[in-house]
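**Q** Sequence order for the protein chains is A and B. The numbering of the first sequence is full-length UniProt numbering, which starts it at 1 and goes up by one. The numbering of the second sequence is full-length UniProt numbering, which starts it at 1 and goes up by one.
Among these hints, one or two may not hold up.
What the hints assert, rightly or not - Here are the simulated lysine to aspartate or glutamate pairs, DMTMM-like style, with alpha carbons at most 25 Å apart: (1) B:Lys156 x B:Asp23; (2) A:Lys204 x B:Asp87; (3) B:Lys108 x A:Asp77; (4) A:Lys96 x B:Glu16; (5) A:Lys172 x B:Asp181; (6) B:Lys179 x A:Asp155; (7) B:Lys154 x A:Asp193; (8) B:Lys156 x B:Glu16; (9) B:Lys156 x A:Asp65; (10) A:Lys172 x B:Asp130; (11) B:Lys154 x A:Asp65; (12) B:Lys154 x A:Asp77; (13) B:Lys156 x A:Asp181; (14) B:Lys156 x A:Asp155; (15) B:Lys154 x A:Asp155; (16) B:Lys54 x A:Glu19; (17) B:Lys64 x A:Asp65; (18) A:Lys204 x B:Asp112; (19) B:Lys156 x A:Asp193; (20) B:Lys179 x A:Glu33; (21) B:Lys179 x A:Glu154; (22) A:Lys29 x B:Glu18.
In case anyone wonders, no lab produced these hints; they're calculated from the structure.
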Amino acid sequence: MSSWDDEDTASAAATTDVELLKRAWRNEKAAPEILRFDSPLVSRAREQIQLLEETLEDFTDNGVDDLVVSLYQMDLDRALFLLRSYLRLRLQKIEKYMIHISKSDDLMSRLSLQEQRFAKSCTEIMEKHLEQSVLSKLPYGYDSVTRQSLSSTEDDMVPEPQLDTFVFCKTKSDVGAFQLDDIGEEIVDLVADDLYVLRYKSIKGLVENGRIDLI
Amino acid sequence: MAGQSDPHLSLFSPSEVEFVAEDEIVEIVPNIRMEALNMICGDFGPFFPQIASKVPLWLAVALKRRGKCTIRPPEWMTVERLTQVLDAERESPREFQPLPFHYIEISKLLFDHARDDISDAYLVRSLIEDIRDVRFHKVETGLETISGRTHAVKLKNLSAMEVNIVRPFMVRTLQAFYKHDSPQMIQQADNTGSSRSTPVTDRGPRRDLRHR
Chain A
1 MSSWDDEDTA
11 SAAATTDVEL
21 LKRAWRNEKA
31 APEILRFDSP
41 LVSRAREQIQ
51 LLEETLEDFT
61 DNGVDDLVVS
71 LYQMDLDRAL
81 FLLRSYLRLR
91 LQKIEKYMIH
101 ISKSDDLMSR
111 LSLQEQRFAK
121 SCTEIMEKHL
131 EQSVLSKLPY
141 GYDSVTRQSL
151 SSTEDDMVPE
161 PQLDTFVFCK
171 TKSDVGAFQL
181 DDIGEEIVDL
191 VADDLYVLRY
201 KSIKGLVENG
211 RIDLI
Chain B
1 MAGQSDPHLS
11 LFSPSEVEFV
21 AEDEIVEIVP
31 NIRMEALNMI
41 CGDFGPFFPQ
51 IASKVPLWLA
61 VALKRRGKCT
71 IRPPEWMTVE
81 RLTQVLDAER
91 ESPREFQPLP
101 FHYIEISKLL
111 FDHARDDISD
121 AYLVRSLIED
131 IRDVRFHKVE
141 TGLETISGRT
151 HAVKLKNLSA
161 MEVNIVRPFM
171 VRTLQAFYKH
181 DSPQMIQQAD
191 NTGSSRSTPV
201 TDRGPRRDLR
211 HR
C-alpha cells in the first residue's frame, strides 16, 4: 500500500540540506508560533548556495553548455527561494508577536542572533511610536503599552499566537498512543504516515523533536 | 514573492504546493548525453541517450521543454490503475485510497508539459478529475460530521493539494466548535463585564474520543 506513496521513499532519503530546509519551512509555515531556528542547517544551506553561485560564474567563464548552466541556475533559484521564504516567514512572525517574544527568554532563545536584534529594535520602535502618538495623550492608568488599564491583571494588549489552533500533521513513524489533553481522556493512536488534524498545543512536543511534520 | 502567502491561516499558495511537488522523483528517457549534475538538491545522472534515469520533476520538465527527453508517467497514472482507484474510492465512502501525496500536482505538471508522453491522456485526465471529485465530496460530507466532540480528525491518505484546499474550512470549523465548547467560554457568559480579558491559559476541553 505504501509502495504507491513517493513521499515515503522521499522522506527516508531526506538527507540533503534543502530537503531539511523544506521541512523546516513547511513546519514554520504551518505552526502558529515561532519555532527554533536551525542555525547549522541555515549556514550549511547558505554555504552551498554560495558555492553554487561561484561555480556558475566559473561555468559561464569556461563556456560550459548553456543547458547545463540553466539547469544549475534553476537548482540555485529553488534553494534560494526556500531560504528566503523561510527567513521572511520568521520575520513576519517576529513582527507580529514581537512584544510577546521579547518578554520570554524561551522564545527569544529560538531566534537567531540577527532575529533577536530585529525583535528588540522592532519592539523599541513600536513602543516609542505608540508612546508618542497615542499613549502620552491618554489619562493616567491607561498609558501602558502592554495593558489596557491599571486594573488589568495580565498583559492583555500583547498579541500572542493562538496555540490551541488546529493544524494538519503527518506522522513520519509510529508514535503510538498519544495523549492530547492533560487528563488522558483524549487519546489518538498515531501510526506511521497517518494524517491528522489536531490541536497544535497538544502535538507541539512532537513537532519540536521532529517526530511529526506539519503540512 | 517568497514567503508571501497569508501567514495568518498558514496557507500555502497553490504554487507553493506545486513547488514542493516538483521535488518528487520521476523517470525520464533522455535523448542527449550529459554529465552528472551535482546539485544542491542531490546528484543526478550521468545521462545517456535512451537510458532511463531518475530526476526530480522540475528537472524533468525543464529538459522536456527543451526537447531533451521524454518523461515516463508514474505507474499509477495509467487507465487501469486509476480505474481501480476510482472504483475503490466510490465503494468506500469513509476512506481515501492511497495515492501519491502530490498526485494532483504531479498529474497537472505532466499534462501541462508532457502530454504527448502519457498514453490515453484524455482518459487518464478525466479519471483523475473524477477521483478528485469523489474525494472532495467525501471531504465535504466529512466536514458536516464535525461537532463539539471533535478534537481530532483523521484524514489518512488525503493529498497535499486537498489538505491545502480544505484547511481554511476545517480549521475554522474546529476552532469555532472548540471555542464555544470551552468551559471558560461558558463561564464567561455568566459573569460578563467583570473580566474584560480573554483568558488564553489552558483551556483543555474534556470530551470523548469518538470522531474519526
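**Q** It remains to establish, for every hint, whether it holds in the given structure.
**A** Results for each hint:
1. B:Lys156 x B:Asp23: It holds: about 22 Å lies between the C-alpha atoms, which stays within 25 Å.
2. A:Lys204 x B:Asp87: violated (38 Å)
3. B:Lys108 x A:Asp77: Measuring from Cα to Cα gives roughly 22 Å; hence the hint holds.
4. A:Lys96 x B:Glu16: holds (22 Å)
5. A:Lys172 x B:Asp181: violated (31 Å)
6. B:Lys179 x A:Asp155: The hint holds at about 21 Å.
7. B:Lys154 x A:Asp193: holds (11 Å)
8. B:Lys156 x B:Glu16: holds (22 Å)
9. B:Lys156 x A:Asp65: violated (46 Å)
10. A:Lys172 x B:Asp130: violated (29 Å)
11. B:Lys154 x A:Asp65: violated (50 Å)
12. B:Lys154 x A:Asp77: violated (36 Å)
13. B:Lys156 x A:Asp181: holds (22 Å)
14. B:Lys156 x A:Asp155: Violated, at roughly 40 Å.
15. B:Lys154 x A:Asp155: violated (36 Å)
16. B:Lys54 x A:Glu19: Roughly 17 Å separates the two Cα atoms, so the pair holds.
17. B:Lys64 x A:Asp65: With Cα atoms ~17 Å apart, Lys64 (chain B) and Asp65 (chain A) stay inside 25 Å; holds.
18. A:Lys204 x B:Asp112: Given that 25 Å is the threshold and the Cα spacing comes to 39 Å, the pair is violated.
19. B:Lys156 x A:Asp193: holds (8 Å)
20. B:Lys179 x A:Glu33: It holds: about 19 Å lies between the C-alpha atoms, which stays within 25 Å.
21. B:Lys179 x A:Glu154: Measuring from Cα to Cα gives roughly 21 Å; hence the hint holds.
22. A:Lys29 x B:Glu18: It holds: about 15 Å lies between the C-alpha atoms, which stays within 25 Å.
The structure is inconsistent with the numbered hints 2, 5, 9, 10, 11, 12, 14, 15, 18, although it conforms to all the rest.
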